[in-house]
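K.L.:
Kindly generate the complete structure, drawing on both the sequences and the hints.
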Amino acid sequence: MSKGLTNFAIKHPWWVITATVVITAYFAFQFPRMKIDTDPENMLTADEPARVFDRETKENFQLHDFIAIGVIAEDNAFTVDLLNRIYRITAAIEDIDGVIVDDILAPSTVDDIKQGPGGSIVIEPLMGGEIQTQKEADYIFRRIQENPILRGKLASDDGKAIAIFVPIESKDQSSRIAGEMEQLTKKYGGNAKYHIAGLPVAEDSFGSQMFAQMAYAAPATFIIIFILLFVFFRNLKVIIAPMVVALMSVIWTMGLLIATGNTVHIMASMIPIFLIPIAVINSIYIISEFHGHYKKHQHKDAAIRHAISELFVPMLFVSSVAAIGFVALAITPIPPVRVFGLFIGFGTMVAWLLSLVLNPAIAILISPKTLRKFAEADDTKGILSRLLYSFRAFSKKYSGKIIGASMAVIVVSAVGLSMIVVNDNPVKWFKKSHPIRQADMAMNAHLAGTYMNYLVFSGEEDDDMKRPEVERYIEKFQKFLVRSEIVGAVTGLPDVIKKVRFEMFGADSSKLALPTNQDEIAQMLFIFEMSGGDPGDLFKFVTPEYDKANVWVQLKDGDNRAVSHVVDLANKYIAENPPPVGITAEWAGLPYINIVWQKLMVGGMREALLLAFVIVLVMMISLFRSFKWGVISMLPLTITVMAIYGFIGYIGKSYDMPVAVLSTLTLGLSVDFAIQFIQRLRTAYRRTGNFEQALHDNFEGVGRAIMRNVLVISIGFVPMLFSSLVPYITVGAFFLAIELVSGLVTMLLLPALAWTFHKSLFPPIEGAVATGHSLSRKEKRKAKREIRKQKKLRNDK
Amino acid sequence: MNKMMKTLVLTLVGLLLFGSAVMAEDATEIMKKSHLEYYYAGDDGVANVIMTITSKRGKERTKEFVMLRMDEEEGGKQYYYTYFQKPSDVARLTFMVHKNPDGNDSRWIYVPSVDLIKPISADDKNSSFVGSNFTYEDVSGRHWSEDTHKLLADSTIGDRPVYVIESTPVKPYKGFSKKLSYIDKENYLPLLERYYDKKGKLDRVFRADKIEDVDGITTMTARSMENVKKGGKTTIVFSGIKYNVGLTKDIFTERYLKNPPREFIK
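These protein sequence lines are chains Z and G, in that order. Be aware that the first sequence starts at 436, since it is given in the working numbering, and climbs by one per residue. Be aware that the second sequence starts at 348, since it is given in the working numbering, and climbs by one per residue.
Hints are not guaranteed to be accurate.
Quick list of in silico lysine-lysine cross-link-like pairs, DSSO-like style, CA-CA up to 30 Å [claimed, not checked]:
hint, chain 1, residue 1, chain 2, residue 2
1, Z, Lys975, G, Lys545
2, G, Lys433, Z, Lys933
3, G, Lys497, G, Lys525
4, Z, Lys549, G, Lys497
Sample of chain G residues lacking proximity to chain Z, with all beta carbon distances greater than 12 Å (derived) [what the hints assert, rightly or not]:
hint, residue
5, Ile397
6, Asn447
7, Ile564
Read the hints as simulated data drawn from the structure, not as lab findings. Each residue gets a CB set at the ideal place from its N, CA and C atoms; glycine is no exception.
P.N.:
See below:
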């Protein structure tokens, strides 16, 4: 098969090029149909119970995702000027498309229950119109402070911050709406800082920024890789192939993904960045091998054939192993991860195929004149060669120490692994300096929080939520939960009942308590409905049938860890203090959904990684037809995965979505060097029968290619380190770490093991010719002695 | 003026104008007539009301109450008295409104569980009436002078010819930015109303579900309001309607809030 493909490519280079270009064009034409989906909620299947319940909750209580605007003043936000500006901004926001006008929470829209003229009770907007005097401004602040439903949410206790909560029809509009709101804050602004925050903004903006970043990072990476390849091979035409292979693999994969009707999720958006190194690595091996052979024999055809026949098996294995690592992701319960795994698996194989046909096809078209220069490109005396030499010498001299050090790394990494903290927060996908992060920090420092979870208490019958013991239970629960530092406010139906009762009795603070009988509870709520209170406001805390109550748990911290902590705290309280008979409690809300999918993902990724590991091990054993070599070949990837994740554990970086997904990439990329190194080492040994000779040749041949790969991939992705999106930085850092660690392990530990255990790893081969031109006489004698000894041993048996 | 006579005359006038077909009736006049027909039928009235509120998720809850109304003057001041019977946890709760077309209404509530009468200030007539999709204004009427009216091309609702009138609030108003009323050319009752929000989106739709003759007065005995934008619907069904029962002004005072007039409320 390898010969057939290569022969075809050599004979009909234009056919191959035309065919691949046509297919590429077909896939490229799918791109305009691309649908972007940056909603982390879609990490869960639509029928996932947590998501179904969240949707029901939003339906039942008419809740919407919201964007929060924080207005933060130097010393007092409650001035005539600023309040009037906020009034105008709010009015203008109402005109923005996609905003749920009736549910905006702002000083001018929220209702205040208070004492009216003639001992009456009145419910009316807190700020009915623009104000004239500071007294009015102070009054508005005081009313917020005296209203448990508003306090902390609408204004900070120090009066420096005011919040506007803007509910939106759908999350995928939040980036646009946030943009329009920003324009308004600029237009009507004033002497205060305006921040726009909220999970939907972060999630939706991530989508648009993602593409902006890609537009800069991808070409930059391409250029750097191109330059590095040029440095190595000094021939523009030869190095076109790797670039074309990478580009085409990306287009085919993304094209197929789009053509099959899949949405481009945050995960899938990373496919191009993941595919580029995979695609480039293959070509570097081919070109290196081609280069080595051509330099010696100056025969184009032969050099190409030689390179492919040498590389076909290892490349096939490397690619299938990497592909299997990705396809293993299909067992995770997270749809976007499944899509990601399957398609990048496909892309890996496409890259393999294209490298096999395009490299020969392009190489054959290059004139001998051009190739002469290519052949002259010689880095045998460069840094690369010196490094190779040091590795070779070092691994021989300190083989024992290298093995010991590797074991130490494993142990130390294991400790680090145990320290890994699972955590994520879409807001933190942006760098600290990003306005979204700034807004998040500023608002959560001043106000009750921009992260909203809901705890829904459900009864068995209508009116259950009017039962006094149920209301008392919810009230106690609220008091308990609000003590947590992460929790900014816990608001529920008891607050409404108490507030109405308090105002009903002429603002008598002794009446700021729950009634003891159901009729009074029902009638207090009835008064709320009768006296101009918006039933829509009330029914955000309770269903109109009073069978479910919704407690708003507002968090200052949206980290999954913090959210989990609060959820655990609440669940523990409920377990220890069971609610009245027939009442159950369940969570909803975006932050809660995020911790649900994170749990699924962490578990899913662990399983996928273990599965991939086992499959790869089995493949390795069968590839090398040796259990020992199979195990040894797993060492670079094992140590790389452990070292990187152990390091993450030590530095306390969160194990988040990108870090989790990268585990399979680490596996796929870091097995590469080991396969190439061992497979070619054993081939060389079979050819020469001399282990030292084989090892030496291997350093010169594949070792050089590995070094080139390490440099190309680790340096090529440096532009990603300057991204403003944290997941992209993480990916860039991972490429660097994967290449360095697995390169080091391959170049040091594998030879060290070979030296230490060469007797059992390299059984003598009958009839093999030891050319040994690079071995000293002493070494040759030693090798011969070895062979004799082995024979004798066998004969003795 | 006798109510029946008035209806007759108006109908005759209406028919005449309709017959002449050349003179389109002035939109404001039509709205005024409709308002008087609809909200000021008889000099007073008693009715049992069943209000069914259907939520967006299809769940129903009902409220039952007795309603008394007395007009002080046609198109002018009115008194409403509402005595709640169901749901049982708000039974005996009473609610009274003195409607003042020129200014703010006065409202009082009696809360039996704490035995307290409390005045309720309500500047906002657009707020929900007892948690339904109807607003206070829908129940007691929006004065025709608060909007400018425009007569659009005639239409029919079912087999009834109607005037179609577009109303726009004179002052910016939270309740609607535009309203289309479909007014029966014969009896001047609104058969259909469409309310549009600030953004011009259809917000709520009012429908006359049943129109009957009660004591010689054409009366809408069932009506509904659907919230198109948010979902949910409220229907109000009247039964046992009696007109001109001789209600007196003293019934509409605080004294009767605690002790409902038993001759009208059983």
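K.L.:
Does each hint fit the structure? Answer for all of them.
P.N.:
Quick rundown of the hints versus the structure:
Our distance criterion of 30 Å between C-alpha atoms is met by Lys975/Z and Lys545/G, whose separation comes to about 23 Å. For the given pair, Lys433/G sits about 23 Å from Lys933/Z by alpha-carbon distance, which is consistent with the 30 Å threshold. Pair hint Lys497/G plus Lys525/G holds up; C-alpha atoms about 11 Å apart against a cutoff of 30 Å. Between Lys549/Z and Lys497/G, the direct Cα distance comes to roughly 40 Å. Violation of the 30 Å bound is thereby established for this hinted pair.
Taking the minimum C-beta to C-beta distance to chain Z, about 16 Å, the non-interface status of Ile397/G holds against the 12 Å cut. Every C-beta of chain Z lies more than 12 Å from that of Asn447/G, the closest at about 15 Å, which supports listing it as non-interface. Annotated as non-interface, Ile564/G keeps its C-beta farther than 12 Å from every C-beta of chain Z; the closest such distance is 29 Å.
Taken one by one, the earlier hints fail for this structure only at number 4.
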